[in-house]
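Chemist: Protein chains in written order, with UniProt numbering: chain R, 1 to 435; chain H, 1 to 330.
For the record, the hints were derived by calculation from the structure and aren't laboratory data. Errors might be hidden in some of the hints.
Claimed, not checked - To be clear about the criterion: a stretch of chain H counts as covered by chain R if any three or more of its residues have a C-beta under 8 Å from a C-beta of chain R, and this derived list gives those stretches:
hint, region
1, 67 to 79
2, 147 to 160
3, 255 to 263
4, 273 to 286
All C-beta atoms in this analysis are idealised placements derived from N, C-alpha and C, irrespective of residue type, glycine included.
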Amino acid sequence: MAVFPRRRLAAVALAAATALLVTAGCGGGDEADGDGPVTLTVDVFGQFGYEQLYQEYMAAHPDVKIVERGTGTNLDEFSPKLTQWLAAGRGAGDVVAIEEGLMVEYKANPGNFVNLLDHGAADLKGNFLEWKWNAGLTADGKQLIGLGTDVGGIAICYRKDLFAKAGLPTERDAVSKLWPTWQDYIATGERFVAAKTGASFLDAATNTFNTILLQTAGNTTGYSYYDTNGNLVVDSNPAVRQAWDTTMDIVDSGLSGKYGSWSEEWVSAFKQSKFATIACPAWMTGVIEGNAGPAANGKWDIARVPGNGGNWGGSHLAVPKQSKHQAEAIELVKFLTSAKGQIGAFKAKGPLPSSPQALDDAAITGATNAYFSGAPVGTIFGTGAKSLKPVYMGPKNQAVRTEVENAVRTVELGQRNPEQGWTDAVTNAKKAAAK
Amino acid sequence: MTVQLDARPPVAPAPGDHRRSSGRLSRLDTRYSPYLYIAPFFLLFAVFGIYPLVYTFWVSLHDWDLLGTDHPFVGAENYTRLLADGDFWHAVVNTLGIFVISTVPQLLAALWLANLLNRGLRARTGWRMAVLVPNVTSTAAVAIVFGVLFGREFGMVNWLLDLVGVDAIEWKSDRVASWVAISAMVDWRWTGYNALILLAAMQAIPRDLYEAAAIDGANRVRQFWSVTVPLLKPTLIFCVIIATIGGLQLFTEPRLFHSGTNPIRGGPLRESQTVTMYMFENAFAPHYNFGYGSAVAWLLFALIAIVAAVNVLVLRRLGGKPDARKGTAR
Chain R
1 MAVFPRRRLA AVALAAATAL LVTAGCGGGD EADGDGPVTL TVDVFGQFGY EQLYQEYMAA
61 HPDVKIVERG TGTNLDEFSP KLTQWLAAGR GAGDVVAIEE GLMVEYKANP GNFVNLLDHG
121 AADLKGNFLE WKWNAGLTAD GKQLIGLGTD VGGIAICYRK DLFAKAGLPT ERDAVSKLWP
181 TWQDYIATGE RFVAAKTGAS FLDAATNTFN TILLQTAGNT TGYSYYDTNG NLVVDSNPAV
241 RQAWDTTMDI VDSGLSGKYG SWSEEWVSAF KQSKFATIAC PAWMTGVIEG NAGPAANGKW
301 DIARVPGNGG NWGGSHLAVP KQSKHQAEAI ELVKFLTSAK GQIGAFKAKG PLPSSPQALD
361 DAAITGATNA YFSGAPVGTI FGTGAKSLKP VYMGPKNQAV RTEVENAVRT VELGQRNPEQ
421 GWTDAVTNAK KAAAK
Chain H
1 MTVQLDARPP VAPAPGDHRR SSGRLSRLDT RYSPYLYIAP FFLLFAVFGI YPLVYTFWVS
61 LHDWDLLGTD HPFVGAENYT RLLADGDFWH AVVNTLGIFV ISTVPQLLAA LWLANLLNRG
121 LRARTGWRMA VLVPNVTSTA AVAIVFGVLF GREFGMVNWL LDLVGVDAIE WKSDRVASWV
181 AISAMVDWRW TGYNALILLA AMQAIPRDLY EAAAIDGANR VRQFWSVTVP LLKPTLIFCV
241 IIATIGGLQL FTEPRLFHSG TNPIRGGPLR ESQTVTMYMF ENAFAPHYNF GYGSAVAWLL
301 FALIAIVAAV NVLVLRRLGG KPDARKGTAR
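Please work from the sequences and hints to get the whole structure.
Modeler: Rendered as structure tokens:
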């Protein structure tokens, strides 16, 4: 009787000892390679267009291997993950992308990032548009969190075939002349709707709202939901109200297809040619091509935006303090954000450079996009880029924007009338800002 | 042979010393090794169950910005704010609504399915396996497919409704419609699972009870309600508690049902935002308020405990009557 349990005990002990040995062995193996090649992880979202640049960089630096994560994910998936990695102190890549709307939140806790000014970044200031450089600086100007990648610019992308069907001009200069102002854009939309093509004039009122807001804010106050002191001004900034009212006109005229932006339906609507125009920052061209697919090749074109210029989107690259290869990561950031790196990214996926040198380069000024009927994207987006007026984004910009755009959506879907929607927008924005 | 075996002399006694030590070892063994055998579960539970529970409570007492370095202690403030938070109660109502709409038909359907499977069917094992298939498909895949089926403009459900002349339903931005759509997803996944559990319980019911009932003149329906259902009571309680825990923590289905920007809201007016989604919205994007999110988690815990208790009481009551009747009849 006693034999069995003893044997079992011995077996358990043996198994435990083996497990310990194995774990110890594994633990030791990882630390051994101090001088071997360094693997740098780059975390991005959407389309940054870096593949070619990585190849080039790895060829020039045989001791560096680059792994990218996150291409194609949308910002709503990416930003919480990045925040969790930063909070947990591990998990983030050696280089991470930070979108402009979230920059202020990350800047509030600069300790999470390497100060690029300590690593010779100050010399690079001339390589960036001034406001883009400043956006990467903390409020006291002592720490540079990120170097700029792209700016958004803004235009209107439109379907030539649907315009033709509705009896509207299709040539891009003629289309641009249709809408010097947003009211003209709405009037054009009404003509389009009256022609009953089976498609809507635009994709979703929220996208147009954000465009009008950023444009109006850029041209007037210089800030949107927060003033430059960080006070929530959603109900007192005339730019917000003006953008709201114009958007309500758009909704009233029945121009919107109500495809919630970035949803499955939105993507389907691209594929099935269900709307004719979309607010189009430079980076959106890559998104449209991806969503509409090869079937729509040559059917899209790009016209100027109603009103006067504007910027939507654009990012920075930063190096988290938790990175174990900070020196190598900083070198990579400098390379990717150099004029050369920005031109490479533009050629691959269309994000507009934030470097004045790159913007003046023939590779940009002469660039056309075959998918968009050979539209001269370099000049369409590039011309306005240097005179862009930045819009300040406050500490809880993303949360507040979510609330206001949701209010736009409830009106668009007919769940709220414009006045109720505005009340919702203001109360919910205040609530979100207080959280 | 057998005689010889039986008559075999006892095993030669081992030398005293050895025997005593092996005896002590075996006593130690019988006394403590059961604890050793069950220890893995409790160790894992302590690490992944109790520790997070306690830590979450600790966090919920602080103003805890996920990225911040300072976490000032605020006592019960997160809880008092939460109790006055309309969006939280809205999420509670959504969760309970989806729970009721999904669980009641689900258990009734499972009972009916189990009853069918309990009869003499051809290829019985095949049918029994088949009802479990939805349960082994990935929730994420199910949610995405259903999300597309219930699309407003390109969804198949609205297309079918259109064929029979019903106007398109806003499955994602109408409160009750979105509850129904999400319940359909939950039921699709869990009905078969519950049916199998109920089936196992049904097979444990002694045949002679049915025979006795038949002799007393009870037809099939009467047998089902007066014999099968009362004897399934403990299993039904189990199913209801499991469904309560799962239903009140519903996350993947409603989260993936919505796509686009901030799907965590569950629709523009939070039509189908469940409590777990509200917790996630506060603890992570876009608010990153870990303390507030933790308070939501603890209130959810309390809510599940209350609902589970109510369920058990109600079921006891329901099941109690037939038991009593049977007692007096005897």
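Chemist: Give a verdict on every hint.
Modeler: Hints, verified against the model:
1. 67 to 79: holds (count 3)
2. 147 to 160: n = 6 at 8 Å, threshold three: holds.
3. 255 to 263: With 6 residues closer than 8 Å to chain R, the region 255 to 263 of chain H meets the three-residue bar; holds.
4. 273 to 286: holds (count 4)
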